[in-house]
Amino acid sequence: MPIGAGAIIGAGASIIGGLFGSSSAKRAAARAAAEKLRLTKKLNHLETHRQAVINPYEDVKSVAGFATDLSSQMSNPFANLGVATQAAEIQMEESDLALAASLDTMRATGAGAGGATALANAALRSKKGVAANIEQQEKSNEDKRAAGEQQLQEAKMAEQRRMQGIMMSEEARVQAAQAQGKQFKFSAKEAREQGEIDRTYQQLTGAAQSQAQARADQTGAMTGMFGSLASIGGSLMSSGN
Amino acid sequence: MENNLNQNIFLQQFNESDAIAYNKDFTSGVSDYNFQILDNAYRNTGRVYAKLKLAIDSNNCQDETCAYELSEIKHLQEAPQLSLDFISSLLAELSVTDDPNFDPNNDFKYTAANSIMTAKPGFSKSDGYNVYLDLLPGGSQQIVFTGPAFQEPLIINNTALNALNESNTSLVAPTPDINKDMLRLLTEVGIFSPDMVGENGQLTAGAKITQEYVIMNPDGSFDYEIIDIGNGKGRNILKYDLDKIEKKVTPFINAEVAGLLSSEQDAVAAWNVYISKGASVEEDDQMVQNANAAASSWSYTEDLPLMQDKKVLFEKKYKEYFMNNYLKQFTTNQLPTVQADAAVFDLAEAKKAKAQKFIDDNNL
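Those protein sequence lines, which keep their order, are chains F and P. Start counting the first sequence at 4; every next residue gets the next number (the numbering used here). Start counting the second sequence at 3; every next residue gets the next number (the numbering used here).
Here chain F stands alone, though its shape is the one from the complex:
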């Protein structure tokens, strides 16, 4: 209490003590109220300026575009298999020629008709066998070509499937990594902002408690003055009477 405060105000010591106690408590309450208001505004600012919730997968695109229909590249390697008709024609021609030549020889040597027929049959069988062999070889070659072509196409498609698989999985990996990166960044910032919000909230709670305490102190100081107030009121009444 400042020197002379009693004289300045013109009241008893208990009133003066109460007045200064009350004024200190009021100042403390005002400070706590201001602090509470400041922290409330700060908290509001932190909450309204925190980052927007993100969807870390928003940039993920479909990798279906990398899948291509490879069926157009497929063909039936057996579709163009050659039919060995020419071999049959040659066989027939060659049989005819051989038969004619044998008949000429038989005529010149005076062979009978039965021999000629047997010869002709033998020649025919021979030619048929040759023709069948050629056709078999040609078909075998054709089969090998078809099988080779099939293997080649299968190998090509397998390679394309492999490349396609790599591209799809790599793109998916990059997109997943980007999404994880965004998620990490968001989480780190969110944790930081939330930390500050939590801290400010704690401080705000503390300020509210300080304010309540200061008000209680103020009430206590005022209560202490009530006895003295009664004396003022009493003197007022008595002087009136």
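Hints were generated in silico from the structure; no laboratory data involved. Keep in mind that the hints are not guaranteed to be accurate.
Stated by the list, open to error - Here are the simulated DSS-like pairs of lysine-lysine, each with C-alpha atoms no more than 27 Å apart in a straight line:
1. Lys192/F x Lys330/P
2. Lys185/F x Lys246/P
3. Lys210/P x Lys192/F
4. Lys249/P x Lys44/F
5. Lys279/P x Lys44/F
6. Lys188/F x Lys250/P
7. Lys210/P x Lys188/F
8. Lys188/F x Lys249/P
Claimed, not checked - Distance ranges between label pairs, derived from CB positions:
9. Gln167/F x Gln358/P: 50 to 58 Å
10. Lys330/P x His52/F: 23 to 31 Å
11. Glu61/F x Asp311/P: 34 to 42 Å
Since this is a predicted model, take the numbers as computed values, not measurements. Even glycine gets a Cβ: it sits at the ideal position worked out from N, Cα and C.
Start from chain F and add chain P according to the hints.
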């Protein structure tokens, strides 16, 4: 405005100095502080109370309902408590002028009023000052200060003061404790690890900014700056990514400013005393007042409410203040954390080695 400022600074200097103790006129004269505020205010109230009471009892009121008389009696009964509440509120407001970081741009009359209420030398009745409490019709009260420091009486009404207090506004703007705020802010901006914060909520003595903000070479080693410490010797110091630091701290500073601007008058006080010219709290209070409370200061009567451009300027300068007066010490002359790199070395040899490394690296 400047006159008010000078008056306030003079009053503060006068109150803080011991000069008056050496003034023979003062020491030999009477200092009467017997203002008797309550005694004077209630001197005639007994008579008034009795008249009103008698009027009611004798059925001699102004009208048949005795409404006026009953109302005035009620006011008189409530008056003592109201007076004490008023005086304590006023003392709380005026005590701001005693704060060491008080903004002298506040009305100097409050400084003078506080000097009277706290019986400071030179503000007694003998020095020509007086203060009295008036109980006004209708139940309100007012305190009036008069004396040489007041060209006109300073009148404060209790209802006005209550209204201000209820809306969290002050008669005299207190200056925020910027030092405390900034020290706390340092721990909140996210560039120090939590283990650097002590139990008192402030950074510990050896606190360092986390390595995330130290500039490194591509090979992961520290990119030191070499400083000359004299006598041909040098030593390494850490280099910091100041842009990264600024980006990191800015949102937290903005939030702090938003909180500070919840009371614009407090923000004006902070601006006038510290922020406008970047005066450090380490500077002498008087120097701060002399330096800041001048042309660049904002007026409580003319600049409130604060316009948007002033708020933006406040935010900008607040950040500068934080960066220059508080954060800078953590980004300058910081010794390496690697023990071997922290040793003092011969500057000439270091320069030679550096040149050789450059030649080697570039195949020159």
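To see whether the hints hold, each was checked on the structure:
1. Taking the CA atoms of Lys192/F and Lys330/P, the gap is about 24 Å. The hint holds against a cut of 27 Å.
2. Taking the CA atoms of Lys185/F and Lys246/P, the gap is near 19 Å; set against the 27 Å cutoff, the hint holds.
3. Between the alpha carbons of Lys210/P and Lys192/F the distance comes to roughly 21 Å, so the proposed pair stays at or under 27 Å and holds.
4. At roughly 22 Å between alpha-carbon atoms, Lys249/P and Lys44/F fall within 27 Å of each other, so this suggested pair holds.
5. Annotation: proposed proximity of Lys279/P to Lys44/F holds, straight-line Cα distance about 26 Å (limit 27 Å).
6. At most 27 Å may separate the alpha-carbon atoms for a hinted pair to count; Lys188/F and Lys250/P meet this at roughly 14 Å.
7. Under the criterion of a C-alpha separation no larger than 27 Å, the hint pairing Lys210/P with Lys188/F is consistent with the structure, at around 24 Å.
8. Of the supplied pair hints, the one linking Lys188/F and Lys249/P holds, its CA atoms being roughly 15 Å apart against a limit of 27 Å.
9. Checked against the given bound of 50 to 58 Å, the beta carbons of Gln167/F and Gln358/P, roughly 54 Å apart, stay inside it.
10. Between Lys330/P and His52/F the C-beta distance comes to about 26 Å, which sits within the given range of 23 to 31 Å.
11. Evaluation of the 34 to 42 Å hint for Glu61/F and Asp311/P yields a pass: the beta carbon distance comes to about 38 Å.
Going through the hint list in order, the structure satisfies each hint without exception.
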